[in-house]
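Let the sequences and hints guide you as you build the complete structure.
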Amino acid sequence: MEAAVESVIATQGLTKHYGKVEALTDLTLDVQRGEVFGFLGPNGAGKSTMIRTLLGFLHPTGGAASVLGLDAVKDSVEIRRRTGYLPGGIALYDSLSGGDVLDYLADLQGQEPHRRGELCDRLQMTGSVLKRKVRDYSRGMRQKIGVIQALQHDPELAVLDEPTEGLDPLMQHAFYGILEDLGREGRTIFFSSHVLSEVERVCDRVAIIRAGRLMALHDVGQLLARRRRRVTLRWTGAAPDLTSIPGLEDVVVTGDRMIGTLSGHVAAFVRAIASPNLEDLLIEPARLEEAFLEYYAGDGEPIESGESAVAGTPA
Amino acid sequence: MNGRLLVQTWRWQRVRLLVIGVAALGWGTLFPIFYSAFSDALRSLANSGTIPEQLFNFGSGSLFTLPGALTLGLEHPLTLAMLGIFAVGATTGAIAGERQRGTLEVLLARPISRRTIYVTVAIALLVVIAVVLAAILAGMAIGAATQGLLDQIDFGQLPLVFANGLLLWAAFAAFGLAASVTFDRVGPALGLTMAYVLVNYFLEILGSLLTDLAWSQKYSLFHHFQPGQILTGKTDWFDFVILGIAVVVPVVYALVVFPRRDLAAPS
Chain A
144 MEAAVESVIA TQGLTKHYGK VEALTDLTLD VQRGEVFGFL GPNGAGKSTM IRTLLGFLHP
204 TGGAASVLGL DAVKDSVEIR RRTGYLPGGI ALYDSLSGGD VLDYLADLQG QEPHRRGELC
264 DRLQMTGSVL KRKVRDYSRG MRQKIGVIQA LQHDPELAVL DEPTEGLDPL MQHAFYGILE
324 DLGREGRTIF FSSHVLSEVE RVCDRVAIIR AGRLMALHDV GQLLARRRRR VTLRWTGAAP
384 DLTSIPGLED VVVTGDRMIG TLSGHVAAFV RAIASPNLED LLIEPARLEE AFLEYYAGDG
444 EPIESGESAV AGTPA
Chain U
3 MNGRLLVQTW RWQRVRLLVI GVAALGWGTL FPIFYSAFSD ALRSLANSGT IPEQLFNFGS
63 GSLFTLPGAL TLGLEHPLTL AMLGIFAVGA TTGAIAGERQ RGTLEVLLAR PISRRTIYVT
123 VAIALLVVIA VVLAAILAGM AIGAATQGLL DQIDFGQLPL VFANGLLLWA AFAAFGLAAS
183 VTFDRVGPAL GLTMAYVLVN YFLEILGSLL TDLAWSQKYS LFHHFQPGQI LTGKTDWFDF
243 VILGIAVVVP VVYALVVFPR RDLAAPS
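Chains as they are written, first to last, in the working numbering: chain A, 144 to 458; chain U, 3 to 269.
Be a bit skeptical, because a hint or two may be false.
Taking lysine to any residue and the SDA-like style, the derived pairs with C-alpha atoms no more than 20 Å apart in a straight line are [unchecked claim]:
no.	chain 1	residue 1	chain 2	residue 2
1	A	K217	U	G104
2	A	K163	U	A266
3	A	K163	U	K236
4	A	K217	U	Q15
5	A	K276	U	R16
6	A	K276	U	D264
7	A	K217	U	L168
8	A	K217	U	V17
9	A	K163	U	L265
10	A	K217	U	V258
11	A	K217	U	R263
12	A	K217	U	F260
13	A	K274	U	W14
14	A	K217	U	R13
15	A	K276	U	L265
16	A	K217	U	V251
17	A	K276	U	I114
18	A	K217	U	L257
19	A	K274	U	R13
20	A	K217	U	I114
21	U	K236	U	L160
22	A	K217	U	L160
23	A	K276	U	R13
24	A	K217	A	G232
25	A	K163	A	R285
26	A	K217	U	A266
27	A	K163	U	A267
28	A	K276	U	L160
29	A	K276	U	V17
30	A	K163	U	R263
Chain A regions said to be covered by chain U (calculated; three or more residues, Cβ under 8 Å) [as the list claims (entries may be wrong)]:
no.	stretch
31	200-209
32	249-255
33	418-427
I should point out that these hints are in silico values taken from the structure, not numbers from a laboratory.
From the three backbone atoms N, C-alpha and C, an ideal C-beta is built for every residue, glycine too.
Next up, the structure:
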């Protein structure tokens with residue numbers, strides 16, 4: 144398959160079936176160099192299957208995948224040389240210390256762990272912590288070792304499967320900072336998650352996967368912009384005329400309060416409700432979660448594989 | 003082969019190897035001592051007809067000659083246990099164990115092909131097995147020397163005995179590794195490999211104890227390990243060929259199957 148120069152990950156009709164179980168079906172997407180790409184879906188949607196296929200752990204039933212311009216099946220060793228991978232629910236060698244695990248994995252990677260010091264500092268893995276056996280680590284500490292081992296050799300591409308699982312909010316914040324810095328440095332990050340807020344926070348684009356099928360592929364900004372907003376109005380005196388406000392739906396009026404959903408431009412809405420009687424206005428920011436639930440609540444049809452998906456055309 | 007993985011595989015085994023290696027050395031010294039101390043008495047016992055002679059000819063060994071006694075030692079269940087810890091236990095756990103613990107995914111995330119992993123682990127464990135086998139043979143040589151029995155066998159043949167024994171245990175180790183790359187859990191790999199070793203062992207022992215079942219021995223890999231014959235200058239190269247085939251078949255299987263396996267997320 145033809146892999147564009149700027150495509151770091153490109154799949155074309157990628158399919159993986161286990162007998163009758165369709166883990167991935169006809170999945171076409173494209174991740175550009177320097178992107179932080181979110182791969183979003185509930186448990187069992189096929190996120191890990193996709194990642195494992197990209198890294199050569201699984202062999203596709205159909206279609207093709209390339210990573211860093213290399214064939215995911217034939218060139219998996221070279222792909223892994225240039226990639227950092229954090230498996231979901233990472234398991235480590237319990238009998239080794241954290242530092243020994245990092246040394247061992249860096250040696251096997253065959254590259255200097257240039258970033259280890261910085262990553263350890265940011266994730267608060269001090270020298271004394273790294274000297275302790277992994278068996279004595281908490282879930283969060285293991286996850287931090289997982290993040291460090293994936294990124295310590297400063298890979299071109301980081302593939303992170305649910306990376307914040309087990310991290311406390313403070314460490315999640317530190318991790319987001321690391322991702323943002325990597326993104327600024329032009330590293331490509333492919334990031335699977337079912338935590339919507341973190342995808343919304345750190346990703347440039349997001350693919351939504353359901354039952355092994357790609358449901359949507361969007362810029363996060365676009366996705367949020369087309370979401371409906373929740374608005375709450377409170378007024379004194381006579382109620383405003385709500386019927387003529389464009390884009391306002393699901394209106395529920397209770398006494399001097401109205402709750403509704405708004406689609407379309409906020410500016411037009413604000414102009415329409417402008418009145419001396421208006422006492423309070425609350426427009427809640429669109430959340431990716433709402434977009435996400437919309438894709439999962441109904442019988443959403445998958446988007447067509449091919450150009451529309453690559454271009455990020457909404458479903 | 004990957005040097006770092008090789009060293010780490012040895013590190014995982016080092017304490018066990020040290021303990022078993024010392025035990026193997028001590029165990030090996032016992033057989034010339036037993037032979038020296040008891041063979042005449044046992045021969046008298048056998049000649050008296052009180053105990054059937056077959057019971058002194060366990061497997062391909064015998065307590066009536068030094069080469070036979072050494073063969074007995076090399077086919078003794080405790081010897082099996084010492085070598086089996088690595089040839090069965092370590093091999094079956096090598097890949098399936100990493101898979102079961104989830105660490106195989108971290109290992110495979112490195113730029114190392116599955117074949118390289120297999121070959122590296124196989125070589126590392128073969129060396130470990132060789133060390134234990136060498137310790138047993140060294141113990142036997144020490145024991146024979148302390149008993150003044152060095153003239154009873156041709157110790158120049160010991161390297162051939164070592165090679166013959168290493169082929170036998172390499173065959174079991176290759177089977178264990180083949181099982182290890184096939185299963186996601188240690189249990190089935192270990193069970194299958196233990197069954198393989200035990201069936202071979204029983205075929206050999208049964209044939210040696212019961213004349214009517216003597217035919218069963220030729221189907222046992224243990225029967226192609228003949229230190230007694232080699233030490234008396236009667237090397238049968240066909241034994242080496244058979245054991246060589248028993249090594250090659252599972253190795254080829256593993257080299258074909260392991261890279262083609264789908265390694266889904268550990269459950």
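Tested hints:
1. A:K217 to U:G104: violated, 24 Å
2. A:K163 to U:A266: holds, 16 Å
3. A:K163 to U:K236: violated, 59 Å
4. A:K217 to U:Q15: violated, 33 Å
5. A:K276 to U:R16: holds, 18 Å
6. A:K276 to U:D264: violated, 31 Å
7. A:K217 to U:L168: With a Cα-Cα distance of about 36 Å, the restraint between K217 of chain A and L168 of chain U is violated, given a limit of 20 Å.
8. A:K217 to U:V17: Violated: K217 of chain A and V17 of chain U sit about 39 Å apart, past 20 Å.
9. A:K163 to U:L265: Roughly 18 Å between the alpha carbons, so the hint for K163 of chain A and L265 of chain U holds.
10. A:K217 to U:V258: Cα-Cα ~15 Å, so holds.
11. A:K217 to U:R263: holds, 14 Å
12. A:K217 to U:F260: Status holds; Cα separation ~15 Å.
13. A:K274 to U:W14: holds, 18 Å
14. A:K217 to U:R13: violated, 32 Å
15. A:K276 to U:L265: It is violated: about 27 Å lies between the C-alpha atoms, which goes past 20 Å.
16. A:K217 to U:V251: Violated - the C-alpha atoms of V251 of chain U and K217 of chain A are around 26 Å apart, more than 20 Å.
17. A:K276 to U:I114: Between K276 of chain A and I114 of chain U the Cα gap is close to 25 Å, so the pair fails against 20 Å, i.e. violated.
18. A:K217 to U:L257: With Cα atoms ~16 Å apart, K217 of chain A and L257 of chain U stay inside 20 Å; holds.
19. A:K274 to U:R13: This hinted pair holds, its Cα atoms lying about 18 Å apart.
20. A:K217 to U:I114: holds, 13 Å
21. U:K236 to U:L160: holds, 13 Å
22. A:K217 to U:L160: violated, 46 Å
23. A:K276 to U:R13: Roughly 16 Å separates the two Cα atoms, so the pair holds.
24. A:K217 to A:G232: violated, 27 Å
25. A:K163 to A:R285: violated, 35 Å
26. A:K217 to U:A266: Satisfied, since the Cα-Cα distance of roughly 18 Å is no more than 20 Å.
27. A:K163 to U:A267: holds, 18 Å
28. A:K276 to U:L160: violated, 44 Å
29. A:K276 to U:V17: With a Cα-Cα distance of about 18 Å, the restraint between K276 of chain A and V17 of chain U holds, given a limit of 20 Å.
30. A:K163 to U:R263: Satisfied, since the Cα-Cα distance of roughly 18 Å is no more than 20 Å.
31. 200-209: holds (count 3)
32. 249-255: Held - the stretch 249-255 of chain A has 4 residues with a Cβ nearer than 8 Å to chain U, which meets the minimum of three.
33. 418-427: Contact hint for the stretch 418-427 of chain A vs chain U: violated, 0 residues under 8 Å.
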